[in-house]
Amino acid sequence: MEFPEDLKFSKEHEWVLVEGGVATVGITDYAQDQLGDIVFVELPAVGDKVSKEDAFGVVESVKAVSDIYAPVSGKVIEVNDDLPENPEMLNEDPYGDGWIIKIEMSDPEEVQDLMTAAEYEEYVAEEKE
Amino acid sequence: MSDSPDSVTLPRSHAPTRPRKQAGLLLDEPLIFERSRPGRRGFAVPGGDADPGAFLPAELLREPIEGFPEVSEPEVLRHFLRLSQWNLGTATTLYPLGSCTMKYNPVANEAVARLPGFAALHPLVPDHDAQGALELIWELERMLAEISGMDAVSLQPAAGAQGELTGMKMIRAYHVDRGRARRKVLIPASAHGTNPASAALCGYSTVQVEGNPTGLIEAAAVRRAMDDDVAALMITNPNTLGLFEREIVQVAEAVHERGGLVYLDGANLNALIGVAKPAHMGADVMQINLHKTFSTPHGGGGPGSGPVAVRDVLLPYLPTPRLVRAGEQLRWSDDFPKSIGRVRSFYGNFGMLVRAYAYILALGGDGLTQVTRMAVLSANYIRRRLEDAYHLAFPGTCMHECVFSDKGFEATGVKTLDIAKRLLDHGFYAPTIYFPLVVSGAIMIEPTETESKETLDEFIDAMLAIAREARETPDVVRNAPTQTPIGRLDEARAARRPVLRWTPKSSAES
Amino acid sequence: MRYLPHTNDDVRTMLARIGVGDISDLFTDVPADLRARATVALPPGLSEQEVRARLEQLAARNRAVAPRCFLGAGAYPHFVPAVVDQVLQRAEFYSAYTPYQPEVSQGTLQAIFEFQTLVAMLLEMDVANASMYDGASAAAEAVLMALRIRPKRSRVILSRALHPQYRDVIRTYAAVAGGDAAHRIDLVEAPVSNDGRTDPEWLAGALSDETAAVVVGYPNFFGVVEDLGSIGALAQAHGALLITTTTEALALGLLKPPGACGADIAVAEGQSLGVPMSYGGPGVGLFATRTDFVRMMPGRLVGEAVDGVGRRGFVLTLATREQHIRREKATSNICTNQGLVALAVTVYLSTVGKAGLRELAIANTAAAHRVAERLVQTGRWHQQFSAPFFNEFVVRGANAEGVWKTANSRGVLAGLPLRYWYPEFGDALLLCVTEMHDSAAADALVVELSQ
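Protein chains in written order, with the working numbering: chain A, 241 to 369; chain B, 3 to 512; chain C, -12 to 438.
Treat the hints with care, since some could be wrong.
[To be verified] Calculated pairs, EDC-like style, for lysine to aspartate or glutamate (alpha carbon to alpha carbon, straight line, at most 16 Å): (1) B/Lys455 / C/Asp(-4); (2) B/Lys507 / B/Asp51; (3) C/Lys392 / B/Glu412; (4) B/Lys340 / C/Asp155.
Hint data in this document are derived by calculation from the structure and do not stem from the laboratory.
Note that the structure is predicted; figures quoted are calculated from it, not measured.
Just chain A, same shape as in the assembly (with noise of 0.2 Å):
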């Protein structure tokens, strides 16, 4: 299981990479594997609005189905348009081709509420037990 040190992470198994004001988002390895096979993705538009903790798009596999919830507020700038044809790619590379949306964050103070990658760590070894 990775949790690459460089980036941030939500209770609800969400990654983030902050790079100025944008915040890439996607699900952790850890969410993947509880997933399975992912089969489907919905994405939101680019121009969406999201604010924190709400879902903005589910993510599917063959027996289960997740909601996925925005970890910053901002406005969606740009999607992963490769995913809705290649799912698979959440399993295969969830931190890198695997990404999901770029959020213009409106309030960067926010991802001062996210885990690192050592509590995001701690935070899923207690989640197994």
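Got chain A; can you put chains B and C on it based on the hints?
Relative to the frame of chain A, chains B and C by itself:
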């Protein structure tokens, strides 16, 4: 076809690259469309050669349907007989699907359902020409009322899920009628997925009630969750863990105290006949699955029948039409102003009602009581003999089904799914797996009362053998099944690039 | 009891192994008060012979009157080839359940895949599901689906010529709709023109960007063939979906299919295709739609799959739409289809085949038109509607109900007096003529209606 971009489809069905296992009596068989040859016919139509243009304008007509089957009658029979041989059914083997009650489907019921007086009867013949059918419906309503302890029954819903929807709609109508449309429904965490789905379809939001550590719902927990905005509690008894909810009467009281109603999911009625009547438990409405407790065939996924039974308070809201007596005659009446309306065309799945009626006649009160006793005995026998080899989710006596899990097999890498697949190699259908959700890796076993002790012993022996294999040669279990016509299918790929139909060559290329 | 294998010895052995003395010991969790009152007061069980006698007695009190029953109106008398029932009596088919374990359910799964294909072809749509309970609930589910596809719209137009029971069921389902909050649906009825078709001018005036869908029968309740092309164009101009419902599925063997006329969702009752009328049930709902909408579709779906060594198989798929996974967000609460009835349709369509289906449809419409012509020639009846019809039509004449009652007493069921469902058409009868009505039957009808 559609002129939209193909993100999902029209991938064509693949001609088999490799035939399924062909072993002795089990023969491979392509799609009926792949068997077709231009010009073959399976049927003659007198008068079918007239010119349709004489009756209908040309622009309203279609061409003969491209790709439609062209096969002779013997090929049709051969095709479907071969397909049937790839199925297990409860008629051919133990089918211990928990909560489905896969009992014997009496063939005598098939015969009577086909009597022309029933099968050829048009639903809109005048009531006085259908008195036999109406009397059957009348009697069946009363039989089910007696069995459930309820006051009235509607046989209209076509399936358990539709019965549940009907029940929830009646609850909604009841509250609206009293000027207070409540918005919430309480549902145990162990409930079947139709429960929250039905509630949501009626506009309710669901509040989950957790069971205690022994798997049961406590009246105190319900009392805490109850308020004046809760329309109903939906509960299954015995619950999906196969356990009788001991506090059911108090739970119902806690709901009624605050003006709510109790919906009982009747899926597990096979455990209750002669033991406890739902009405006495405090249920206000329930659905009864005729294809479970009352032996009508499951049909590969229907048709079922899901009558609803209600206490007096909900009577005004039952679906219409309803059967009423007018002297010697029975007739249909729509004169029920508070009814929720109609949920299905005509009167329900009448063909299944005939079968259930025949079944109840054949068993009688004494026979049905014995059904429950034998079902519960068989489930406990399995429980006792497997509880040393498998982790029993909740200890103690079970009712008509028992729930195990794959806990304890972690080191072997063998999971519930693998155990189920290996059972197929032993010639048994697998139990229900991964349900209820409150038990991780659940294995829910319901033998029913129509299996002999020898069959139960064979099943138990197979389960014990698999437990041993899991520890000694886990790969054999994890690669199962190997004795079936086909191995495990790639369900992820099937969902990512769905091929949901066969397509004739020329259409796919256009 | 003949369905219960356990002997006293078996019971004793099992009790001993469980570790209790008596079966009652297994019920100690049940409160004594409940147990004391639980006796089921039904008479003792009967032998197979006695059950049979009772059922025959009841069956004999129904006047099935075929072939002198000229009733349609949602259930249709058609000939069912013997091969259909032969297949339905295979216990491997009827005693199986939902194919959760596909490796031992390929019979059921392949048959459903073939069914889905046949339905899609029949309706000329991209994809069909594994069936719904009946045509009426399929229509209701189609309306709910249209509201999911157009979530900002809340109005649905139902043609008055849509089967009254279908309108009732749609109303019941729509009374409180959908998953999120009380979403009020506005159901509006479109009137019927003098020619028997839904009024296109009224539709043009009523459609707006509030309209999620328009629902019409095809053929409609009066047997009339609607002008789907025009209705579809009108709907599309306003971004509304066109939903068609077909109660007489055999019509699709001859009529231009809904998919070719711009339908977005097409549903039908499949009873005409190899299923006995059986006093109204079980039937089977056919449900098909465009590729784009497949994830919004309710019901089961079977898809093609491959196993580990490249063998083709079939499997339930896209299950995440369904109740057992989505729970309160499910597209519907349905957890079953009408498996065995769908199988009957599959066997029937395979048997009658490409040529036979079309010929049957021709035989039906020819027979109906000839009878209609003869009735008009008696001078006592005229056709109510001028638009084209398939195998049902409406005739109007003085004292229609009186004549109908007398005909009934003489063994001829001359269709349905329309007045009950359509008071504006008093003195009219809805008649259905199929391939089951031979010339003797047609003669008898004409004689009775000449009175």
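Consistency of the hints with the structure:
1. For the hint pairing B/Lys455 with C/Asp(-4), the CA-to-CA distance comes to about 10 Å; that is within 16 Å, so the pair holds.
2. Between B/Lys507 and B/Asp51 the CA atoms are separated by roughly 28 Å; this puts the pair beyond 16 Å, and the hint is violated.
3. Distance restraint check for C/Lys392 and B/Glu412: the Cα-Cα separation of roughly 74 Å exceeds the 16 Å cut-off, and the hinted pair is therefore not satisfied.
4. Taking the CA atoms of B/Lys340 and C/Asp155, the gap is about 14 Å. The hint holds against a cut of 16 Å.
Taken one by one, the earlier hints fail for this structure at numbers 2, 3, listed in ascending order.
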